[in-house]
Amino acid sequence: MFSQFSDLKEILPTVYVCTSLFVALCVIIEATLLEKNGGKMPVGRLFMVVSIFSTAWTLVSGLAWFFLELELFGSVVAFVYPLYSILGLLYSARLMRGVDLPDDPAQIALPIKYLHYCRSFGIVYFALCLVAVFELFGRIQI
1 MFSQFSDLKE ILPTVYVCTS LFVALCVIIE ATLLEKNGGK MPVGRLFMVV SIFSTAWTLV
61 SGLAWFFLEL ELFGSVVAFV YPLYSILGLL YSARLMRGVD LPDDPAQIAL PIKYLHYCRS
121 FGIVYFALCL VAVFELFGRI QI
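Under the numbering used here, the first residue of the sequence shown carries the number 1, and numbering increases by one thereafter.
Treat the hints as calculated values from the structure; they're not laboratory data. Among the hints, erroneous ones may be present.
[Stated by the list, open to error] Pairs of lysine to any residue residues, derived as SDA-like cross-links and limited to a Cα-Cα distance of at most 20 angstroms, are as follows:
# : residue 1 : residue 2
1 : Lys-40    : Arg-97
2 : Lys-40    : Phe-79
3 : Lys-9     : Trp-65
4 : Lys-40    : Cys-26
5 : Lys-40    : Ser-120
Just need the whole structure built from these sequences, with the hints factored in.
In structure tokens form, the structure reads like this:
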């Protein structure tokens, strides 16, 4: 009965790291859609899905870092995503300081500098995830 858990314990790090590649693309898409819409939240299913997925990944990554037995680069993948979220929150708050915000959240325009931060992170995170995948499959050994 408990052998099922050991199988799951072996496959979850691979699932996590491979799914992180998808999340990196979500971050890039989200920042691009926001920038094309002047920093305002676009209306549409694609934006909603990538936004929810990329936001939820903060919690998933924190749990993965704590509970999964990840390789070196897999651990970095799990650690940097929540760090990106926290630093992004602080950076956006700093950029928005002193700005009169409208009552309707849909009318808030995120600063272009913040969107560039997000897209840049997405690109670097994607590359990091690729390295972690190569590490998982024995193509990189450190």
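Hint check results:
no. : hint             : verdict
1   : Lys-40 - Arg-97  : 17 angstroms, holds
2   : Lys-40 - Phe-79  : 29 angstroms, violated
3   : Lys-9 - Trp-65   : 13 angstroms, holds
4   : Lys-40 - Cys-26  : 17 angstroms, holds
5   : Lys-40 - Ser-120 : 19 angstroms, holds
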